[in-house]
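Protein chains: 2
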Amino acid sequence: MVTQERTARARRGSLSQDRIVDAAMRLLDGEGESALTFSRLGHELRVTPTAIYRHFSSRDEIIAAIADHLDELSLEGYEPTDEWRADLTDLAVRAWETATGHPAAAAAAMFTVTSGIHELRAVDSVLRALHAAGLRDDVAVSYYRAFVSLFLGVSAAHAVRLSQQGRTLQTAEWTQVYRPTDPTRYPYAEAAKEQLRFTDPSEVYRMHIDMYLDSVAQAPRAGDDRV
Amino acid sequence: MVTQERTARARRGSLSQDRIVDAAMRLLDGEGESALTFSRLGHELRVTPTAIYRHFSSRDEIIAAIADHLDELSLEGYEPTDEWRADLTDLAVRAWETATGHPAAAAAAMFTVTSGIHELRAVDSVLRALHAAGLRDDVAVSYYRAFVSLFLGVSAAHAVRLSQQGRTLQTAEWTQVYRPTDPTRYPYAEAAKEQLRFTDPSEVYRMHIDMYLDSVAQAPRAGDDRV
DNA sequence: ACCTGAACACCGTTCAAGT
DNA sequence: ACCTGAACACCGTTCAAGT
Chain A
86 MVTQERTARA RRGSLSQDRI VDAAMRLLDG EGESALTFSR LGHELRVTPT AIYRHFSSRD
146 EIIAAIADHL DELSLEGYEP TDEWRADLTD LAVRAWETAT GHPAAAAAAM FTVTSGIHEL
206 RAVDSVLRAL HAAGLRDDVA VSYYRAFVSL FLGVSAAHAV RLSQQGRTLQ TAEWTQVYRP
266 TDPTRYPYAE AAKEQLRFTD PSEVYRMHID MYLDSVAQAP RAGDDRV
Chain B
86 MVTQERTARA RRGSLSQDRI VDAAMRLLDG EGESALTFSR LGHELRVTPT AIYRHFSSRD
146 EIIAAIADHL DELSLEGYEP TDEWRADLTD LAVRAWETAT GHPAAAAAAM FTVTSGIHEL
206 RAVDSVLRAL HAAGLRDDVA VSYYRAFVSL FLGVSAAHAV RLSQQGRTLQ TAEWTQVYRP
266 TDPTRYPYAE AAKEQLRFTD PSEVYRMHID MYLDSVAQAP RAGDDRV
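Residue numbers (our numbering), protein chains in the order written: chain A, 86 to 312; chain B, 86 to 312.
Hints were generated in silico from the structure; no laboratory data involved. Just to be clear, a hint being listed does not mean it is correct.
Which copy is meant is left open, because identical chains are indistinguishable; a pair holds if it fits in one copy or across any two.
Result set (DMTMM-like, lysine to aspartate or glutamate): computed pairs, CA atoms no more than 20 Å apart in a straight line [what the hints assert, rightly or not]: (1) 278 / 222; (2) 278 / 161; (3) 278 / 114; (4) 278 / 223; (5) 278 / 267.
Quantities reported herein were computed from a predicted structural model and do not represent experimental measurements.
Could you build all of it, start to finish, from the sequences and the hints given here?
Set out below in structure tokens:
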């Protein structure tokens, strides 16, 4: 029913980095990582696939732009409060929500260091909260690194799992089901079998947040006798 | 100088799942994830690329076999002691060492749930250590889940970074370098700029291990008044 | 039963040609 | 300056044919 579909030539300013990233996000959210091709992008944008090369010099550059876009999404509306625990929790939860809200995009891009402005804002926000918690200098930097590797690592890993779930029909949810030939050799796994089947990953994430906050609370501070 | 290279037909039993996985590991370790193709595998094994389909029905199945192989590598020589802290540290460090020793393989496969025997052994080993620490039932299972998502997530994220490093010529090591247009808007990041450049990722991993062990030490136990 | 080789539908990327 | 379309070298995967 679509009439002049492949007829008209796309007008001059029809393409832009933003429009391409939007289309990429649409494809990733809708059909997963394998849908992110020049062909599909071109179709989505009603443009010849190679036209995209005018705005991105490679597929990897598109993914870097997606990473920047995810950084922006994550921080949207974030405002620091006067409570460092609340701020760090907020920032950690934002990473998780971005990963679960856009799993394929996060799986493809979340490991990419963009060195973009939004990433810088995130760095500054975490450091600010750690400063408010009383951490200084190398202690603050170490805890910043721990924050990033913990919450980005776990969130990204979760995103990968979620986006793989689409391709391979997993048995059920998150559950690993083991069928050992000789269960007595793995008594602890055998005993925990039932409980292992049902765990909410976001509850585990909550544990990580609590662990991290407790650790920050106990970190050495200026004037401490601990080194 | 290699004489009869493409001449002879490969003899009957020349191929096997193990030989294919070995060749895949060689390619991944040597040249990164993009080297893992049927074409390269065939060349490495002196066999027609499609011959591999007799032993694996798809590329994803090869990656699953690599995941199983990594599980095996990780646990090689592991023996539980009577000290749960040492055991959990050992298991966590093994995940890290597998990731850093085989970054491309880990990046490709570490997120895959194999449900294989080695994975089951790992599950049992972690649960056993947590049992020795005094954790029971859902508390033990929760801490098992936290262990896996933390150390596998962080290790796999590190592997992805290491294996990307090969493709994109990063500025230097692990360092993110930000050039904000207006540094005063990001005072904490600006102040930490120098320290941010040099952080040993394995030191950060050590922090995660300590955080986790501390948390296990404080977890509720049977007979506790805490719930 | 296992390996070969042609074929298929798809990739990302290049480049000269159109407007 | 930006979009098009043909072309290139490569993918994973299939399938009939050899041994």
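We went through each hint and held it up to the structure:
In this homomeric assembly, residue 278 and residue 222 come within 20 Å of each other (Cα to Cα) only across copies, at 11 Å, whereas the closest approach inside a single copy is 45 Å. Taking CA atoms no more than 20 Å apart as the test, residue 278 paired with residue 161 passes in neither setting, with 41 Å inside one copy and 24 Å between copies. When the C-alpha separation of residue 278 and residue 114 is checked against a cutoff of 20 Å, the pair qualifies neither within a copy, at 33 Å, nor between copies, at 35 Å. For the homomeric pair residue 278 and residue 223, the shortest alpha-carbon distance between copies (11 Å) is at most 20 Å, but the shortest distance inside one copy (43 Å) is not.
When the C-alpha separation of residue 278 and residue 267 is checked against a cutoff of 20 Å, the pair qualifies only within one copy, where the shortest distance is 14 Å, while the shortest distance between copies is 54 Å.
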